[in-house]
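Q: Chain by chain, the residues run as shown.
2 protein chains.
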Amino acid sequence: MEKVNIGTNIYPPMLVTLLGVNVEKRANFMALGWISRLNANPPLLGASINKFHYTSQGIRENKTFSINIPSKDMMKETDYCGLVSGREYDKSCLFKVFYGELETAPMIEECPLSIECKLVGIHEMSTNDLIIGEIMGAYTEHQYLSDDKPDIRKIDPLFLTMPDNNYWTVGENVGKAWKAGRDLKSERDGSEYIE
Amino acid sequence: MEKVNIGTNIYPPMLVTLLGVNVEKRANFMALGWISRLNANPPLLGASINKFHYTSQGIRENKTFSINIPSKDMMKETDYCGLVSGREYDKSCLFKVFYGELETAPMIEECPLSIECKLVGIHEMSTNDLIIGEIMGAYTEHQYLSDDKPDIRKIDPLFLTMPDNNYWTVGENVGKAWKAGRDLKSERDGSEYIE
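From first to last, the protein sequence lines stand for chains S and Y.
For any residue, its number in our numbering is found by taking its place in the first sequence, counting from 1, and adding 3.
For any residue, its number in our numbering is found by taking its place in the second sequence, counting from 1, and adding 3.
There's no promise every hint is true.
Identical copies carry no separate label here, and so any pair may be met within one copy or between two of them.
To be verified - When the alpha-carbon atoms are kept at most 30 Å apart in a straight line, the in silico DSSO-like pairs for lysine-lysine are as follows:
(1) K79 to K152
(2) K54 to K6
(3) K188 to K79
(4) K99 to K179
(5) K28 to K152
(6) K188 to K54
(7) K152 to K6
(8) K152 to K99
(9) K152 to K75
(10) K28 to K157
(11) K75 to K188
(12) K66 to K179
Think of the hints as simulated: they come from the structure by calculation, not from any bench.
Here the structure is a predicted model, which is why all the values come from computation and not from measurement.
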């Protein structure tokens, strides 16, 4: 196998989300793929956004934000939120907006899963700010749960690849995490796994 | 639609990766879903790891690390890397290891895509450290590219959902980012989109 170095313009495949903030008391949403859980306890979530986004203003105003996971049926609206700025376009009327305990983090009723966060810090870099929020609640509907847990097949989210700029759905369930490797562990241990 | 608050134990679906470091000159790999691009220019990538992972030692030793994207065919080995610690198990012999320009960031030959990073900072939190790396190169093979760009269908990565702990493949291509919302923009602008 010959490896080729394809440079530094590299983006791991990412979940597509809509980040919600209030700016001057109006809800605004931006499309965002650069998010990750950051800390186990307390539960922290990070979202990296270009410093010049209108969203930055809202983050600093209210110190709250939301991360909403749209389903693939919402691809057009989601993509639209990535095409236009809240400075020029009112995106608050695209969705039914609701608020949770934080009261200033707008969430999207049509999204199968919405997470509300309280800002706990901002890590500034050259072009982007990593906003760090503590997860204060997560809102969904019974129809998106299996065994009381979010079910990705029911949520039906989008993934994004760059720089080819394609949206993808989730595929098949192929195994269980923290289980799929147990046989290999037993093999290497020379023993059988005892549950 | 009635929303229910399912609490704070929430994990957005994530890409499955293997983080590589050298610890005392031996390659070690941990399974990791908490990664994200963080900055556009320079290209920064973040990975959040529990402070007590063996990996932390290697990060501080060499100030380099790699993010490798395994294909679904590597699910067992990948899951195994999340089951055992490099403190007790030698994981260097699980894969064919190669090095790039940084010389100390071990990468996995079997992985369709490997990214090598130079550590530029660590953002410490209570249970986790966010290690921030500048992408110095990305290694793949021609068989995983289409139009000189990584092709997710060829890479065939895994996604992880928690707390149900399931691995998933990628599904169908359903649209183009920064295009799928153009009709909606035209509609709202009352004009046609001109490319």
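Q: Does each hint hold? Answer for all of them.
A: Cross-check of the supplied hints:
no.	hint	verdict
1	K79 to K152	both (27 Å within a copy, 24 Å between copies)
2	K54 to K6	neither (35 Å within a copy, 32 Å between copies)
3	K188 to K79	between (45 Å within a copy, 9 Å between copies)
4	K99 to K179	between (35 Å within a copy, 25 Å between copies)
5	K28 to K152	neither (33 Å within a copy, 41 Å between copies)
6	K188 to K54	between (45 Å within a copy, 24 Å between copies)
7	K152 to K6	between (40 Å within a copy, 14 Å between copies)
8	K152 to K99	within (24 Å within a copy, 37 Å between copies)
9	K152 to K75	both (20 Å within a copy, 24 Å between copies)
10	K28 to K157	neither (32 Å within a copy, 45 Å between copies)
11	K75 to K188	between (37 Å within a copy, 18 Å between copies)
12	K66 to K179	neither (37 Å within a copy, 33 Å between copies)
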